[in-house]
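As you go down the protein sequences, you meet chains A and B in turn.
With the UniProt record's numbering applied, the first sequence corresponds to residues 1 to 236, in that order.
With the UniProt record's numbering applied, the second sequence corresponds to residues 1 to 236, in that order.
Please note that the accuracy of each hint is not assured.
Just so you know, same-sequence chains aren't split out, so a pair can sit in one copy or run between any two.
Derived pair list, reagent style DSS-like, types lysine-lysine, alpha-carbon separation capped at 30 angstroms [said to hold, decoys possible]:
| no. | residue 1 | residue 2 |
| --- | --- | --- |
| 1 | Lys104 | Lys20 |
| 2 | Lys218 | Lys104 |
| 3 | Lys218 | Lys74 |
| 4 | Lys150 | Lys90 |
| 5 | Lys52 | Lys20 |
| 6 | Lys218 | Lys150 |
| 7 | Lys90 | Lys8 |
| 8 | Lys52 | Lys218 |
| 9 | Lys218 | Lys20 |
| 10 | Lys52 | Lys90 |
For the record, the hints were derived by calculation from the structure and aren't laboratory data.
Listed here are the chains, written in short residue letters.
Number of protein chains: 2
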Amino acid sequence: MPGEHSSKQYDTDLETIRSKVLAMGGLVENQFQDAISCFRTGNVAQAEQVIKADENVNNLEVSLDDACSHLIVKRQPAANDLRTVMATIKVITDLERIGDESTKIARAAKSITERGVTTINHYETIRVMSISASNMLHDALDAFARLDGKQAIRLIAQDELVDHEFRSIMRTLITFMMEDPRTISGALDTLWVAKAIERIGDHAKNIAEYVIYIVEGKDIRHTDYAASQLEDRTTN
Amino acid sequence: MPGEHSSKQYDTDLETIRSKVLAMGGLVENQFQDAISCFRTGNVAQAEQVIKADENVNNLEVSLDDACSHLIVKRQPAANDLRTVMATIKVITDLERIGDESTKIARAAKSITERGVTTINHYETIRVMSISASNMLHDALDAFARLDGKQAIRLIAQDELVDHEFRSIMRTLITFMMEDPRTISGALDTLWVAKAIERIGDHAKNIAEYVIYIVEGKDIRHTDYAASQLEDRTTN
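When you get a sec, could you build the whole thing from the sequences and use the hints?
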């Protein structure tokens with residue numbers, strides 16, 4: 001909301017934080033991509049790198065939360081400006097959780113390889129879903145970078161697609177398990193990976209909701225706001 | 001931190017928010033208990049009530065977040081006081097997520113009953129774990145109410161117990177599934193319930209970490225602080 005607040009210094013400080021949050025976003029995006037790549041290739045060394053990289057993400061969460069608090073105390077922002085800081089704090093939490101979920105995927109990949117369950121590679125089962133979630137995350141960070149409410153609204157609708165893909169994966173894996181009970185352990189590992197990907201979609205959706213909160217001042221969590229906006233545009 | 005801040009009005013406003021957060025905590029505690037009870041009895045009407053009650057929890061999240069923002073803008077708290085508000089905002093997020101997880105348990109209970117999968121009741125499988133998580137949640141809310149850092153430290157250690165129980169449940173369910181593939185669907189429902197309970201334990205742990213942040217001013221997320229404190233007390 002340019003021109004609506006008093007302090008230029010506030011703008012500068014906020015921009016510094018925002019660019020660090022975006023850097024954190026880049027880190028977790030890589031973490032997620034690499035984790036999926038480990039699941040595909042069974043590369044244990046890469047899996048360990050993903051797990052190790054989570055420390056950086058965790059440290060960023062703590063230091064960025066701290067920077068947001070400092071900003072509030074030092075600049076005492078008005079309601080309008082505070083909204084952006086509050087939403088940014090929430091975005092940071094979601095990014096950290098995406099890091100956690102990526103770590104879970106990497107751990108699953110590592111454990112599958114180490115147990116030597118090489119009979120079935122379930123990468124194909126989760127491929128489409130992981131691309132969808134990866135696009136969602138990318139778009140969410142992009143919407144946050146450009147404070148693009150319309151992009152945020154579009155991507156919220158995509159979360160249903162990811163949820164749908166998750167349910168379809170579950171049915172596929174159940175069929176596998178029933179046909180050959182020896183595949184149960186491997187199928188469950190894949191199920192946890194799919195669950196982690198579904199959660200990453202949820203977190204991307206949360207980030208999009210905070211973008212709308214920043215841009216439009218509307219708290220649309222737990223509402224059908226995004227769907228209704230999309231309908232408006234289709235019918236008009 | 002009595003005496004360290006300037007405004008009496010700030011204290012009053014903060015206490016109002018804190019008591020509402022505790023009321024929200026009471027709500028999600030009931031939601032969790034009721035969800036487990038549905039899983040035990042297969043009571044669909046009660047499951048629907050749990051799902052319905054989540055609306056109240058969601059509304060509380062939005063209105064309490066808003067109250068925290070108002071408090072900051074109106075009272076412009078110093079760093080010390082702001083810490084409590086920030087931690088309270090994070091606690092609110094965790095409580096809302098516990099509501100979500102309880103809803104998932106209720107949905108699973110409903111779907112099991114409606115599909116008529118009455119051959120095995122897996123309540124016994126998850127009973128001990130659900131009691132552990134329930135105690136953790138209760139203690140976390142208690143520590144938040146009394147700002148009791150010691151209680152918070154004790155309960156953080158319990159999260160490992162819940163994680164351990166989760167892994168043991170997973171092994172039990174895999175055995176079930178391998179022995180009789182017809183039980184796979186029902187076992188997976190139970191696995192999701194167990195996962196939701198494990199997540200509730202995580203959220204209770206998060207709340208405990210925020211209590212320590214309020215009381216001691218230390219951000220102990222992603223550290224072994226709680227474990228080291230417990231060791232100190234054992235060896236001294």
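Now for the hints, and whether the structure bears them out:
no., hint, in the structure
1, Lys104 / Lys20, "within (24 angstroms within a copy, 35 angstroms between copies)"
2, Lys218 / Lys104, "between (33 angstroms within a copy, 27 angstroms between copies)"
3, Lys218 / Lys74, "both (26 angstroms within a copy, 20 angstroms between copies)"
4, Lys150 / Lys90, "both (20 angstroms within a copy, 27 angstroms between copies)"
5, Lys52 / Lys20, "within (20 angstroms within a copy, 39 angstroms between copies)"
6, Lys218 / Lys150, "within (13 angstroms within a copy, 39 angstroms between copies)"
7, Lys90 / Lys8, "both (24 angstroms within a copy, 29 angstroms between copies)"
8, Lys52 / Lys218, "between (37 angstroms within a copy, 23 angstroms between copies)"
9, Lys218 / Lys20, "both (25 angstroms within a copy, 22 angstroms between copies)"
10, Lys52 / Lys90, "both (24 angstroms within a copy, 25 angstroms between copies)"
Checked against the numbered hints above, the structure breaks none of them.
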